[in-house]
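We have chain A already, so just place chains B and C on it with the hints.
Protein chains in written order, with the numbering used here: chain A, 282 to 512; chain B, 2 to 251; chain C, 1447 to 1677.
No false leads were slipped in.
Cβ pair distances, simulated, as ranges:
id, chain 1, residue 1, chain 2, residue 2, range
1, B, GLU186, C, ASN1489, 48 to 58 angstroms
2, C, TRP1597, B, GLU32, 50 to 60 angstroms
3, C, TRP1597, A, LYS509, 27 to 37 angstroms
4, B, LYS22, C, VAL1496, 57 to 67 angstroms
Derived from the structure by calculation, the hints contain no laboratory data. C-beta atoms are modelled at their ideal positions from N, C-alpha and C, and glycine is treated no differently.
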Amino acid sequence: MSFDLQLIAESLPMMLMGIGITLKLLVISGILGLLLAICLLLMRISGRWYFNVPAQIYIYVFRGTPILVQIFIVYYGLPQFEAVRDSVFWPILREPTGCAILALSLNTGAYVSEILRGGVLGVDKGVLEAGSALGMSAHQKFIYITAPIATRLALPAYSNDVISLLKSTALASTITIADMTGIARTIVADTYAPYEIFISLAIIYMIFTFGLQKLFGVIERYLSRYTKREG
Amino acid sequence: MSEPGKRPLIQMQNVNKFFGKFQALKNINLEVQKGERIVVCGPSGSGKSTMIRCINRLEEHNEGHIIIDGNELTNKVKDINAVRREVGMVFQSFNLFPHLTIVKNLMLAQQLVRKTSKAEARETAMQYLERVKIPEQANKYPIQLSGGQQQRVAIARALCMKPEIMLFDEPTSALDPEMINEVLEVMVDLAKEGMTMICVTHEMGFARSVADRIIFMDLGEIVEQAPPKEFFDSPKNDRTKKFLSQILSH
Amino acid sequence: MDVLTGWWDDYFWGALVVGKVFLCSLGLMILFGLLGAMAKLSNSHIAHKVAGAYTVVFRGTPEILVILLLYFGSAIILTSIAQVFNPAIKFVDVPPFWAGTIAISIIVGSYATETFRGAFLGVNPGSIEAARALGMSDLQTFIYVRIPEMWRLALPPFGNHMLSLVKDTALISIIGLNETMFVAKQAITVTGKPFTMYIVVGAIYLGFSTLVTLFVMGVEKFGERTTVGAK
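The following block holds chain A by itself, in its conformation from the complex (with noise of 0.2 angstroms):
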């Protein structure tokens, strides 16, 4: 079994050429991800048990069930209803990638919330308290005080969330959509070859990820500045 390099180096801009969809598919849901995550979270937060409840069991359902299967839900499963090929929406839903978008988006919401919620709960009690006593209302309190509390303490887990979500972009490809992995395993079906290109492969997302870690480094360090002693 030899290693064939020069079929990598055919192969890398072919694969290459998918990075435009998987990076869509990334920015796309991380966005619409990250305002129904902050929706769920003000759900769960409100005190109410008419918000809390379902945004509770939302989370619950998303975050207990495989991404691949939710996928498959919104990609397969709506076509079965006439009301779904009916509505405004279809052709977004007939579309691999709306679907894949709809349900990368509805599973990285619930575990997000569930991150920001982790934030929102680690801010300083005494603080809001101070708040309380200089007259703030709750509103002014959540956006001026835990809000930019909470995101920097969210951020670390944030960041591997966006990791994961890059992680699943892969499974577009099981709805034929060609992103990086898609025509990676056209690739392979063609030519036999797994090794050289699934580890090619592999190499490119480390890179994606490593590229993210650096950026979510910079952030958090920017996030945390009024952490250190040392001006």
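Same frame as chain A, now just chains B and C:
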């Protein structure tokens, strides 16, 4: 100490507070006049912190009435905010906003609660930072300051809201000994200027020199209250005597 | 719901497969995790580097990729080896069960490495000193002091690793493992109800997740009975 005809600034009438089954405050009756300096002392668990935290609604009293400057303290947000505007609080653990610079710490509530302009808020902030003698720390973050400095900032932050009443909840208990004085000095200055204050503290020297009245609490009740000379020299109640003997012996 | 009659049996057997994968991968995951943690905590420079590479590679690579690589790659290796002995053999297959189980054990094991390492480091150094001072041997200290404290610290994140194992099982269906996703695929071709079929899959996985979560909560209580309240 009540002057006839003058409405007390703080009135607590038959106040009771429970934490579940545990009664933290038993039938508290207290009147504080404008300009009075009150020190509250007592063993831990006596309810002293709970009592002053009821005054600015950080704790909710279950029975009785609390009336601050004519406003009764109820569940209504309007009433609570009206009281909190008049009452400033300084905490044992300072509770400065860690993510804001010192000057921003002092400006935030002014802008949000009193709707002061940014420029005016900053001016007031710098004024009070000068008062507590640390104007040069304005652009630092709380973590870069010593405990004593942080507490002085906390006092300045409360004062920026121009309160009628200042509450101190064991302000020096978390400080290293060498920093206690710098904070007490600020509090003494404040007292001299006629600020109405209620101070929960173990600093008996401060109590003796500054207080108009010392209140001793034990097991949720006000056991005895008297001007300092009377309180220290001739306590009436046995529990008071016991407490004094314990804390003044070293 | 009568579209499901006749399929319950198949789903049941599929669920059993999920259970089998879970149990096998659990043991392997613990093994890999402990080995990795030991390597990282040891004094050997090489062990450090190897374990470091292990965690970086498998935390930065999509799970589906590892599964595909292991499945196709091992088939190639085994076929080559077998052809040495019997040139007539065209293809040696690795059962998807084992390819998949080993793959997910390796992946989650890389996360477990960090968890176990953190837990070992989190053991109170005072307890270790006390054990030494009392004359306990290194092995005795390890068994009676380090491990009891360490597993309690590791438990919450370890619970998450177990949940990851459960959910990653769905990915093994991609290489043909006959578990619930596979059953659903077949059922869909017959009944034409993809949503229903995949929802059942989701429910089965949710059931497994719930069992794992309850189990972890129970173990946590067990762990606390000697350490909490002993003040």
